[in-house]
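Engineer: Starting from the structure of chain A, add chains B, C and D where the hints point.
Protein chains in written order, with the working numbering: chain A, 243 to 586; chain B, 243 to 586; chain C, 243 to 586; chain D, 243 to 586.
Heads up, some of the hints might be wrong.
Since the list gives no way to pick one copy over another, a pair counts as held whenever it fits inside one copy or between any two copies.
As the list claims (entries may be wrong) - Mimicking DMTMM-like on lysine to aspartate or glutamate, the simulated pairs with C-alpha atoms at most 25 Å apart in a straight line are:
| no. | residue 1 | residue 2 |
| --- | --- | --- |
| 1 | K261 | E326 |
| 2 | K404 | E326 |
| 3 | K404 | E388 |
| 4 | K261 | E430 |
| 5 | K261 | E278 |
| 6 | K261 | E528 |
| 7 | K261 | D279 |
| 8 | K339 | D483 |
| 9 | K406 | E326 |
| 10 | K261 | D280 |
| 11 | K384 | E533 |
| 12 | K384 | D419 |
| 13 | K339 | D280 |
| 14 | K404 | D279 |
| 15 | K406 | D419 |
| 16 | K406 | E528 |
| 17 | K404 | E278 |
| 18 | K404 | E533 |
| 19 | K406 | E533 |
No lab work stands behind these hints: they were computed from the structure.
Bear in mind that the values here come from a model prediction, so they are computed numbers and not experimental data.
Number of protein chains: 4
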Amino acid sequence: MNTFGHTFRITVFGESHGKAIGVTVDGVPAGISLSEDDFATDMARRRGGAGRGVTPRAETDRANTISGVYRGFTTGAPVTILLENADTRSEDYYALKSTPRPSHADLTASTKYGGYNDPRGGGMFSGRMTAAIVAAGVIAKKTIPEVRLSAGLVSVGGSADKTKFAEIVSRAAAAGDSVGGIVEIRAEGVTAGWGEPFFDSVESMASHIAFSIPGVKGVEFGAGFGAANSTGSNNNDAITDASGTTATNHDGGINGGIANGNAIVMRVAFKPTPSISRPQQTVNLETGLTETIAIGGRHDACIALRGAVVAEAALAIALADLALRDRSRRTALVADDIHDITGR
Amino acid sequence: MNTFGHTFRITVFGESHGKAIGVTVDGVPAGISLSEDDFATDMARRRGGAGRGVTPRAETDRANTISGVYRGFTTGAPVTILLENADTRSEDYYALKSTPRPSHADLTASTKYGGYNDPRGGGMFSGRMTAAIVAAGVIAKKTIPEVRLSAGLVSVGGSADKTKFAEIVSRAAAAGDSVGGIVEIRAEGVTAGWGEPFFDSVESMASHIAFSIPGVKGVEFGAGFGAANSTGSNNNDAITDASGTTATNHDGGINGGIANGNAIVMRVAFKPTPSISRPQQTVNLETGLTETIAIGGRHDACIALRGAVVAEAALAIALADLALRDRSRRTALVADDIHDITGR
Amino acid sequence: MNTFGHTFRITVFGESHGKAIGVTVDGVPAGISLSEDDFATDMARRRGGAGRGVTPRAETDRANTISGVYRGFTTGAPVTILLENADTRSEDYYALKSTPRPSHADLTASTKYGGYNDPRGGGMFSGRMTAAIVAAGVIAKKTIPEVRLSAGLVSVGGSADKTKFAEIVSRAAAAGDSVGGIVEIRAEGVTAGWGEPFFDSVESMASHIAFSIPGVKGVEFGAGFGAANSTGSNNNDAITDASGTTATNHDGGINGGIANGNAIVMRVAFKPTPSISRPQQTVNLETGLTETIAIGGRHDACIALRGAVVAEAALAIALADLALRDRSRRTALVADDIHDITGR
Amino acid sequence: MNTFGHTFRITVFGESHGKAIGVTVDGVPAGISLSEDDFATDMARRRGGAGRGVTPRAETDRANTISGVYRGFTTGAPVTILLENADTRSEDYYALKSTPRPSHADLTASTKYGGYNDPRGGGMFSGRMTAAIVAAGVIAKKTIPEVRLSAGLVSVGGSADKTKFAEIVSRAAAAGDSVGGIVEIRAEGVTAGWGEPFFDSVESMASHIAFSIPGVKGVEFGAGFGAANSTGSNNNDAITDASGTTATNHDGGINGGIANGNAIVMRVAFKPTPSISRPQQTVNLETGLTETIAIGGRHDACIALRGAVVAEAALAIALADLALRDRSRRTALVADDIHDITGR
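Just chain A, with the same shape it has in the complex:
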C-alpha cells in the first residue's frame, strides 16, 4: 500500500493535480531539530527547473509541517508534511483520457480501479509523488546524522561521460524524445550490523522503496550485475583488518543482507521518460481502434536527472528504518555480554 517501513514508517498521499500531496512520517525519535528550511536544499535539488531536461512546471514545494514538531524539535508524534499543488494544468492531459499513454500507468490504473482512478497528470502514479519521498528523506537523514549520503548520475542515454550528459538530454528534448539514466547513491558512515535477516536485508529494504519510484526498472548493489560476470577470486572482498575493512567493495557494503561498515553503494536504473512528443501508437478505448498520439504538456526529457535526490532519499529512509530496528536489539547486548566469536 502507500506505507513503507517498519519502525521509521512513511505514508504518502495525494495526486499530481489534487489539492496537495503529502507524507506522514511515523516513528521519528523525539528531540530532532526540524524546521521548514531543512527541506529547502533537497526540494531544490529535486525541482531542478533550469536545465533543458527538466519540466518547467513551477513547483514551489514549500514543506508545510502540519504535525509532530513543537518549538523546533520533533515531538515523537507523526510528522506530516503537506506540499501544495500549484501551477497544475490539467487541460494538458484531458486529450489523453481515452488514449492511454504507452509505458505509463494510465491503462493499468484504470483497469485496477475500474476507471475510478484520478487520471489528471497520472494521479497518484505521477512523478510528482517523489516530492513526498524527498521530504521524508530529509527527516530520515536527520534521524541518522552519522550517515553521509550522496547521489549522482553515472550514465545518461548509454553514455558514462559526464561532460556529455547535458548535451545528450538537450538533443533528446529537441527531438521530442527522452533518455534514460543510471543514478549511483553512496551512504558512508553506516554502522556495521544494520539490516535484518532474512527478508529485511539492506538490499531488500532499499530496493523495495527504490522500485516504488516511478520509472525505476533496475537496482543493484556493489558490483551488482557485474558480479554475475565475475569469479569468486576476483569478486570477493578481502578483509584487511579486525574492524572489517576490505580491500575492495564489490559487495557494496553489505554481507548476508547486513551492513559491514563499508560504504553502501546502490545503483538505480531509470527508464527514459515515457511522455514524449514524438508520435506513438496507442489504442482509443472508446473506439477500440489504434491511434497515433503525441504527448504535449511539460515533461522531463530525462527523469534520472531529478531521480538522484529521490533515490538518495529512498536509501536514507530504508537506512533510518533499519537503524532504529537495530537499536532495539543492540541495547540488549551490554558490553560484558559480547560473545567470543570463536565460541570458546
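Structural biologist: The following block gives chains B, C and D in isolation, referenced to the frame of chain A:
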C-alpha cells in the same frame, strides 16, 4: 525480520546445521489440494546434486507438513513445512570460526548479534534457507494456478552462450574458484491490475524477496538497466489493442507498479559463490592479524544454478500476495460500477 | 504506532493545538461515493456542544478531503482528511506544564519523549484526536454499507437509568467533578465469517482500536464480564436453524473470533474525565514538591457522551478491515468447491 | 492472521489433533540463555491436570526448540518451538461433525473456510493452541527480566471467595456443566514510557492478544468497568512524588496508553467452557433440523483455571514487544538532550 508478505505471508526459521529449517505460510486460501508430493519437483530442481557446480551435500528435503492441511486440502490455517537437516558436517566450518570468510555474512552476523549467532554453515545466513523459499513457492504457485512461471540461466560467468555454461562452471570448480550468473524468471498469465501503489508495486515486492536470496546483488525488470541506455521512442511499449497488448515488453509486464497483463520478466544477478578453495586474505579475530585461508567443505561453484528455482519461487510468493490483495479490492467493483475511463 | 488496520488501514496525525489533525485512510476500494457532507452527521454527533457535560470548545470540524476522491468517488488512492484546529486556547494549559495532571498522559508523554512532546492540550494524547477516528469511521461505514451500526450510553456514573443521565452529568459538572460511563455499540448485518484467526479475531481487532480511544479502560463482547459469572448451560447460545441463528446472543455475534451472523455487541467503559476543577494532588516537577492543582479550561464532564460515536467509528473501522480481508479469501472458494462439513 | 507483535513477533501454527502445534518467535534479542527446561514451569501451570475442573488429556508438552538457540543462548534468529500432539482422541469429536457445538467455533470456522477447516478437536480454534502462547510467553519473560508477572483467579462462577473456587468447579463438573471466571494479571517493574501512541497503547496491544485466547469475552485495566461508575475526584490517581508514584492505581499503570511505572493490572473474563455434557440444542447441518446433543470427550469445567498462565503469557508478549519498540526510540535521547518539561 523473517516474515514476508501482507496477505499471503511467509515466515522462515532454522539454521543450516540445526535440527531443521522450515517455513510457515499464512493466508493460504482454504480448499487448495496439497500433498507432500507437490513439493518434490521444485525441491529436486533446487537440489541439483548431479553437476559439477553443485555441492554434493545430500539434502533429501522431504517436505514434512505439520499443519494447515487436512484430508489433502488446505484448511485456511497456516501451513508449516519442516525440512530436516541431514548430512550436516559442521566440522568443515569449525576452522573458520575465528577467520571470517570474505564476502560471507560471518563477520556481519557476529557483529550484529554480539557473537551469539550460530556460525555453523553460516547459520541462518546459509543458502540452505532457500529450500524454505522453494517450499513456500510451491504453495504460492498453487494459490495462483492461472500463472505459469519459468526460470532459467541467461548468463554464467559473463557468457550468454548456454552451450558453454556447464564448461564454465566445471572449469571454475576445477580451479577452486566460482562464477556468477544471471537468472531470468517469467510469469505468464498474471491478471492485469495486480500490484499495489505506491510502495507495494510488483517490482518492489518481487525485488524485496529476491534480494533476500543469499548472493543476489542485482534485480531488474523488462529492459531493466538496458532501458537506462535507451530513448523513450525506442523503449516505450506501443499499445496495439484495447486489452492492453503491446508490441514490445520493455516494461516487463508492469506499468506504474501494476501488472499490465503481459509476461512479468525479472532478471536476478547472483554473485559468484564466495566460498572458494583458492587462498584468500582475511583477518584472524583472535590475533588481529591478517591471514590467508582456503575454504574447504562442499560448495556450489555457481549458486545461480540452484538460484533459478529459488528466484522463481520468490516471484511466485510476491505474486500470490499481490493477487490476494487485489482480490479484496476487486470484489468491491461490480460490473455496473465500472467507470468510463474517459470520465464522461 | 499511529497506524491501525491491515487491508483497510488508517494513520492519524496532529496535535490538539497544532495546525490541524488528520487521518489517511488507505485501502479504500475505488468507486465509493464520498463527499464532505458525508462527514457532517457523525462529526456533529461527536461535537455535541449543547449539553452540560460537553466542552463548549467550538470545533467546526469540516472534513477537508485532500486526496483519494475524484468527481465524487473514491479513486483507490489513500483518502486524507484534514480537520483544522480552530479556537485553541493554549494559555489554559500553560499553568499545568510543570504540574502534570493526575490520570492524564502529561507525565508519561514527557517521560517517553524526554520532554520534547507537545504539551498543549495534551498534544497527540488529546481527546481531540478522536475526531480523526470519527472521520475514518465514516469512510469505513461506506465501505461496508450492508452493516448497520448504532451506539448509545447504557450507563453513566453507575446508573443505568437513561432518564437520569443528563442530571448526573450536570450535577458532576456543577460540582467541578466528572463521571464515567459505558457505551454499547451494535453492528447488525455483519457477514458470518468475518474475523481472522488467531490473533486478528473480531474481538482482538475491535478492542485494539477501542482501547486507543482516550479514557477507555474496559471492553467486553456479548455477555462479557457477566459471562464469567455464568454457567455453560446458561451462557451457551443454542443454535436454532441451519443459518446459525441462535436463541440468545451471549457470545455477542462472535465464535472463535469469527462473526457468526448475529449482531456484534461491544461495550466500552470510559473512565471519568480526568480534568476536573476540584483540587487534586500532583507534583511540581521543578521543585519536586507535591502541590494542589485545580484544572481550568474547557472539559467534558463525561467523555462517554462523545464516546458513543467514537467507539462506533472504531468498530466500523475494525469491521471494514476484516471485511476486506475476508473477501480476498472468500473469492478463492467457488460454489462447487464448498466442502461438506461432515467430511464425507 | 496468526502473527502478533511488531518487533517481538510471534506466529502460531498447528491444530488440536494434527502432528504438532508450534510457535515461531522473531525479534528475540541475541544472548538470552534459553533451555528446554525454562519452559517446564509455565507448561506445567497450564497443564494443570490434577483438579476436577481440568481435562485429563495428558499433554506432556515438552518444548522442542527447532531453531534460534545455540549453545544455550538465543542467536538473534527466530526461535521455533514445536509441541507434539499426543493422546489425541479424535473419535470423541466425530459425532459432532454435522452438529456444530453451541458457542463453539465449529459453525463459524466451517462457514469461513467453506467446510475445509480441520474439525478435529476444534482444529486451530482449540484451547490447545494456548500452549503455544505459553511457550512464547516464556521467551517474552526472559526478554524483559526486569518485569515480574503474576496471575491468579479473582472470581469463579460469580464468586470472589477463593476458598470456594474448587468446590464451585467440582459441582459444575459433576452436574455436566461448566463455569466462567476472571483472571487478574499484574506486571511489576515495567519501565515508565513503554507503550506506543496512538493505536499501540499498552491496553490496545495487551487486549489484542488477550482477546485471541479462546473463551475470553472481556478485558479491563485498573479500575476498568468500575471506573465507568466512578467520579473523576475518586478515580484520578493523585501523584505523590516526582518519579510519578501515585496514591492509588485506578489507571492500572497506564496513562494515555503509556506505562507510568506503576504495576500494570489487567483483568480478563473467561466465559464458561462451552463444551458441556448437559443436553443442548443445535442444528443438524445434514437434515437441517434442530437436534439435542450432549458433548462427550474431555473438557475443562472452567477454562479460566488454565487461563491464568495463558493470560499472563499474553501480557508478557505484549510488554516484550513494547519494550523493544521503546528501546529503539530511547537510545536516540541521550542525557543532555532531555528537555525541560516546562519548556523554558
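Engineer: State the violated hints by number, sorted upward, taking the hints as numbered earlier in the document.
Structural biologist: 2, 3, 4, 6, 9, 11, 12, 13, 14, 16, 17, 18, 19
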